[in-house]
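Model the full structure from these sequences, guided by the hints.
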Amino acid sequence: MTDRPKASTSMTDATASAEPPAPRTTRAAVRMAILMLALVAAFGAVAAQLVRLGLEGQAQARIAVTAPISESYSRPVLVDRDGRVLAMDILLPSVFADPSRILDLDEAVEKLSSVLPEGTARRLRGLLSNPQRRFVWISRKVSTALAERIHNLGLPGVSFRWETKRTYPAGTVAGHVIGAVDIGNRGIAGLERHVDLMLGLRMARTDAADGRRDVRLSLSLAAQHAAEDVLREAITTYGAEAASALVMDVNSGEIAAAASLPGVDPAFPGEWVAKGPINHAGGGVFELGSIFKLVTVAAALDRGDVKADTDVDARPDLKFGRFTIGDVTRLPKRIPLSDVIVRSSNVASANLALMSGAKAQRAMLSRMGLIGSMRTEAGPVAQPRAPEFWNDLATATVSYGHGIAVAPIQFAAAAAALVNGGFRVKPTFLAGGGIPEPVRARVISQTTSDHLRAMMRANVRDPRGTGRLAAVAGYDVGGKTGTADQPNGTKGYDGKRVVTSFVGAFPMRAPKFLVMVVLHDPKPTDGKRLAGLNAAPTAADLIARVAPILGVLPEGNAER
93 MTDRPKASTS
103 MTDATASAEP
113 PAPRTTRAAV
123 RMAILMLALV
133 AAFGAVAAQL
143 VRLGLEGQAQ
153 ARIAVTAPIS
163 ESYSRPVLVD
173 RDGRVLAMDI
183 LLPSVFADPS
193 RILDLDEAVE
203 KLSSVLPEGT
213 ARRLRGLLSN
223 PQRRFVWISR
233 KVSTALAERI
243 HNLGLPGVSF
253 RWETKRTYPA
263 GTVAGHVIGA
273 VDIGNRGIAG
283 LERHVDLMLG
293 LRMARTDAAD
303 GRRDVRLSLS
313 LAAQHAAEDV
323 LREAITTYGA
333 EAASALVMDV
343 NSGEIAAAAS
353 LPGVDPAFPG
363 EWVAKGPINH
373 AGGGVFELGS
383 IFKLVTVAAA
393 LDRGDVKADT
403 DVDARPDLKF
413 GRFTIGDVTR
423 LPKRIPLSDV
433 IVRSSNVASA
443 NLALMSGAKA
453 QRAMLSRMGL
463 IGSMRTEAGP
473 VAQPRAPEFW
483 NDLATATVSY
493 GHGIAVAPIQ
503 FAAAAAALVN
513 GGFRVKPTFL
523 AGGGIPEPVR
533 ARVISQTTSD
543 HLRAMMRANV
553 RDPRGTGRLA
563 AVAGYDVGGK
573 TGTADQPNGT
583 KGYDGKRVVT
593 SFVGAFPMRA
603 PKFLVMVVLH
613 DPKPTDGKRL
623 AGLNAAPTAA
633 DLIARVAPIL
643 GVLPEGNAER
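Mapping of the sequence shown onto the numbering used here: position 467 corresponds to residue 559, and the numbering continues sequentially without gaps.
There may be inaccurate statements among the hints.
Below, in silico cross-link-like pairs of lysine to aspartate or glutamate (EDC-like), each with a Cα-Cα straight-line distance of 16 Å or less [as the list claims (entries may be wrong)]:
(1) K257 / D357
(2) K518 / E529
(3) K425 / D409
(4) K620 / D577
(5) K399 / D542
Across the chosen pairs, the derived CB separations fall in these ranges [claimed, not checked]:
(6) R589 / V177: 38 to 44 Å
(7) D586 / P408: 19 to 25 Å
(8) R215 / E480: 49 to 55 Å
No wet-lab data here; the hints were simulated from the structure.
Positions of the beta carbon are idealized from the N, C-alpha and C atoms, including for glycine.
Here you go:
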């Protein structure tokens, strides 16, 4: 019995002596758990980084393939006065590459060169040989057929992006006026540039619709086409180097046609923006000759220096030192005021201007807008050149359009005021863009305008008139011719080159439209280089073509 307590005591001691190893096992388990957690965290971090990089690459790839047209702008449609499309956007594919993804440079260059225009292999190798570049343009705004051929090459790293391209359904018609856009579809000339300034630029979306209203122009596509046809025929018939023509609403200033040949193609601006043919209607200034007599007579009438029935001194050989002013044909010593227009007397015109004086002449030219700057929606008009020293000789020669050079469109605007009742107009290429009637400025009296219309009408109807070949069957036409020797650099006038012009209106009883034709260096007709023999008949052809288009129908009882 005494042994049990001892056994119990020894068992208790044994148990007590076995407990210490337990803490070592726990510490090992904890260390293992920490290690496992560290490994899990490390692998998790690596996995997260891989996922992030994968997603980044996916986003970059998605951007490269489906990015919107980030380097191209959308533009509104340009339509003529009748709603015919003159300019619009279309979507075309552009080819780009990621050089870092090109697997075989030689293969890529060879295959792309086989479908792209000749001579591109060297350029392609330069674009694709640098793997540090991630984006290069291969060819922009290609045809869908060419894009399909490139796609079928199956080249890694070569892809496509849709971009807007400006297209001109009428081709070169009105090219000088419409202007041009750059590779990014931004307006750089003409009406295209004005649209950007007027409406602002919008980045293009992946569809072609601009979302803005069409821009309606005052131009008539049919009248413009007719005007250019007439000028082509005139250049062929009279051997002219260049030509221009304008058709303008005399009351609103809206321009229905503005032709200049040689023409330009708005679809290929690189061929003409920097060095191409000038716009002869507004981009250059020329001495226009005797059409300026209209302004001289209007000034004399409006000042009250003469009346409609006044006779004017036309004695020949008006002398200024070593300079002599004469007329093409010998005239009586005194002629009726209307004969200054009908018979186109330089001497009588000079005497009228001298009667008023240089100061009055300059004031009249300024009031008519002939010596100041002008701008239209198609861009700035060339700055007029006026005499540096406005003495009596300058006053005399300016009276018949020598010694002063202006753009045809600037003179056309002045001539509109002569026949519309005396109100100055501002030329505009936008439908409804003219100055409202209540705020138009009067530059000559209604009476003076009435007298000018009668004289212009007589110049076409009178058998002696210089404008008689401008008559059109069924239409009441009036106008004035001008023939001017052109300056030969600093050597004055050599008499070898001329500019001939005709400015007129119809119907003269209540004019609606003004026409102006200018031919540059036409060859002699019947041995003579006179506007009455080339510019006047060209104007007749122009009126016959455009009048019905613009809604002015012939009258059965109108005289030819």
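Do the hints match the structure? See the list:
1. Between the alpha carbons of K257 and D357 the distance comes to roughly 15 Å, so the proposed pair stays at or under 16 Å and holds.
2. Distance hint between K518 and E529 is fulfilled; the C-alpha atoms sit about 12 Å from each other, no more than 16 Å.
3. A threshold of 16 Å between alpha carbons decides the hint, and for K425 with D409 the separation of about 11 Å falls inside it, so the pair holds.
4. Between K620 and D577 the CA atoms are separated by roughly 13 Å; this keeps the pair inside 16 Å, and the hint holds.
5. For the hint pairing K399 with D542, the CA-to-CA distance comes to about 12 Å; that is within 16 Å, so the pair holds.
6. A hinted range of 38 to 44 Å for the beta carbons of R589 and V177 is consistent with their spacing of about 40 Å.
7. The hinted range of 19 to 25 Å is satisfied by D586 and P408, whose Cβ atoms lie roughly 23 Å apart.
8. Between R215 and E480 the Cβ separation comes to about 52 Å, which falls inside the hinted range of 49 to 55 Å.
Going through the hint list in order, the structure satisfies each hint without exception.
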